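Q: Next come the chains, spelled out residue by residue.
There are 2 protein chains.
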Amino acid sequence: MKAIDLAAKLATFTELWQPRVVGAFNGHDILVAKVQGEFVWHRHEETDDLFLVLAGRITIRLRDGDISVGPGELFVVPRGVEHCPVAVEEAHLLLLERRGTPNTGDPATAAPRREI
Amino acid sequence: MKAIDLAAKLATFTELWQPRVVGAFNGHDILVAKVQGEFVWHRHEETDDLFLVLAGRITIRLRDGDISVGPGELFVVPRGVEHCPVAVEEAHLLLLERRGTPNTGDPATAAPRREI
Chain G
723 MKAIDLAAKL ATFTELWQPR VVGAFNGHDI LVAKVQGEFV WHRHEETDDL
773 FLVLAGRITI RLRDGDISVG PGELFVVPRG VEHCPVAVEE AHLLLLERRG
823 TPNTGDPATA APRREI
Chain H
723 MKAIDLAAKL ATFTELWQPR VVGAFNGHDI LVAKVQGEFV WHRHEETDDL
773 FLVLAGRITI RLRDGDISVG PGELFVVPRG VEHCPVAVEE AHLLLLERRG
823 TPNTGDPATA APRREI
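First to last, the sequence lines map onto chains G and H.
For our numbering, count along the first sequence from 1 and bump the result up by 722.
For our numbering, count along the second sequence from 1 and bump the result up by 722.
If you are wondering where the hints come from, they were derived from the structure by calculation, not from laboratory data.
Be aware that one or more of the hints could be misleading.
One copy or any two copies: either way a pair holds, since identical chains are not told apart in the list.
As the list claims (entries may be wrong) - Straight-line alpha carbon distances no greater than 20 Å define the calculated EDC-like cross-link-like pairs of lysine to aspartate or glutamate that follow:
{"hint": "1", "residue 1": "724", "residue 2": "786"}
{"hint": "2", "residue 1": "756", "residue 2": "795"}
{"hint": "3", "residue 1": "731", "residue 2": "812"}
{"hint": "4", "residue 1": "756", "residue 2": "737"}
{"hint": "5", "residue 1": "724", "residue 2": "804"}
If you're wondering where the values come from, they're calculated on a predicted model, not measured in any experiment.
Required output: the full structure, derived from the provided sequences and hints.
A: Right, here's the structure in full:
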């Protein structure tokens, strides 16, 4: 067992909006992701969605307003709440979601879960 | 709703080994803590224990070896595994534990859970 170096994990891939699983916690996936541009509006009915910004800045659009999240800040989107993450410049994220959660909210359109 | 600025939350208190609740995620407490020195050996039978180092460095002693965790690194102590966190200099942590988990593994000796 050893510590997980999040920056080192992020350095192993370049694809945007394709979270990689780096660990596990109480039935949840711990993921890192690189994002830039606008994702899709979606919701997760079965899980809260934790975003911790490691580098850069994102905006989490909600139907009733925007949440700006910068480095060292986190935001939890409650389950069932529609949201659309957006990043003007590339941002690096730590994510926590119940294991197997489709990143788009829909298994048909979700990026496959890959471990690194 | 707004983002949680972890450094700003940490700036509101000075006590060591007294995690503060800053948010919630799927039945878990999201906590920040300042630590220095040696904690007590303990285990949590009902929850994994996630440590993300925000500043400084800690060693998580396990019965079969030490795990060094620096800034931007995380480590999950599996449930039931005895551990003893140690920090030579002050370190700042993000912690994730099932809601209500006593920080020492024992409600009788645990720091009270305080929200900030």
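Q: If a hint holds in the structure, say so; if it doesn't, say that too.
A: Against the structure, the hints:
no.: 1; hint: 724 with 786; result: between (41 Å within a copy, 12 Å between copies)
no.: 2; hint: 756 with 795; result: both (16 Å within a copy, 17 Å between copies)
no.: 3; hint: 731 with 812; result: within (16 Å within a copy, 26 Å between copies)
no.: 4; hint: 756 with 737; result: within (7 Å within a copy, 35 Å between copies)
no.: 5; hint: 724 with 804; result: between (36 Å within a copy, 15 Å between copies)
When held up to the earlier numbered hints, the structure conflicts with none and fits them all.
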